[in-house]
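Q: Chain residues, written in single-letter form:
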Amino acid sequence: GAVVSQHPSWVICKSGTSVKIECRSLDFQATTMFWYRQFPKQSLMLMATSNEGSKATYEQGVEKDKFLINHASLTLSTLTVTSAHPEDSSFYICSGTGDYGYTFGSGTRLTVV
Amino acid sequence: GNSVTQMEGPVTLSEEAFLTINCTYTATGYPSLFWYVQYPGEGLQLLLKATKADDKGSNKGFEATYRKETTSFHLEKGSVQVSDSAVYFCALGAQDTGRRALTFGSGTRLQVQP
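Going down the list, the sequences are from chains A and B.
In this text, residue positions in the first sequence follow this note's numbering: the first is 14, and each later residue adds one.
In this text, residue positions in the second sequence follow this note's numbering: the first is 1373, and each later residue adds one.
One chain only, chain A, in its complex shape (with noise of 0.2 angstroms):
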């Protein structure tokens, strides 16, 4: 069936960095990738949407120059959460889209200190 990886499963930064979380689909072709967030006990909540070779598409209220999706090939997304704070800590899952629907990568914890 297909497959999304996702990496790395979890991430320790320092407030000020930038953190980049990678999902790749490893057979299939991911025309769309959704990237969401969740909070402890909480459902998903969509960020943005992202088509191949396009702009994302953020949700309202998801600040578009923190998180960088760049989608720049059928089998790569990137989520890079830039200048990260405390509050950004979340659980982060990617999903794609193809011919076999959503499949979702295992998420990212990212911690920040």
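Among the hints, a few may not be true.
Unchecked claim - Here are a few chain A residues that sit away from chain B, every Cβ distance over 10 angstroms (derived from the structure):
#1 L59
#2 D78
#3 E100
#4 S102
#5 G114
What the hints assert, rightly or not - Okay, derived cross-link-like pairs now, DSSO-like style, lysine-lysine, Cα gap no bigger than 30 angstroms in a straight line:
#6 A:K54 with B:K1432
#7 A:K54 with B:K1428
#8 A:K79 with A:K33
#9 B:K1421 with A:K54
#10 B:K1449 with A:K54
#11 A:K77 with A:K27
#12 A:K33 with A:K68
Don't read these hints as lab results, they were simulated from the structure.
Nothing here was measured: the structure is a model prediction, and the numbers come from that model.
Using N, Cα and C, we set each Cβ at its ideal position, and we do this for glycine too.
Position chain B against the provided structure of chain A, taking the given hints into account.
A: Chain B in isolation, oriented as in the chain A frame:
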């Protein structure tokens, strides 16, 4: 707009008990419906889905039937196991599935005790 409402958790059951997690939705057109499961510290795994009215999705003993008349997609399992302990999300996909993100319910935590 589209929305999904799930019963609040946590749901605590003894092993081999019957499970029902209610899910209702509001949507225009003919959405697809999904149940996802999330184990601690992990991403979401598709449990089952249904793409049209009266379809029944099933997997690993779990079942859900797409009821358009009641706009529901309740998750059921006849006999739960400790390993079923996880968070379950009901989700809705718009007609142009794939181009738009899924709409998720709030999630229901299931705890199965031995």
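Q: Would you mind marking each hint as holding or not holding in the structure?
A: Hints, verified against the model:
no.	hint	in the structure
1	L59	5 angstroms, violated
2	D78	21 angstroms, holds
3	E100	21 angstroms, holds
4	S102	15 angstroms, holds
5	G114	7 angstroms, violated
6	A:K54 with B:K1432	24 angstroms, holds
7	A:K54 with B:K1428	28 angstroms, holds
8	A:K79 with A:K33	12 angstroms, holds
9	B:K1421 with A:K54	23 angstroms, holds
10	B:K1449 with A:K54	23 angstroms, holds
11	A:K77 with A:K27	21 angstroms, holds
12	A:K33 with A:K68	17 angstroms, holds
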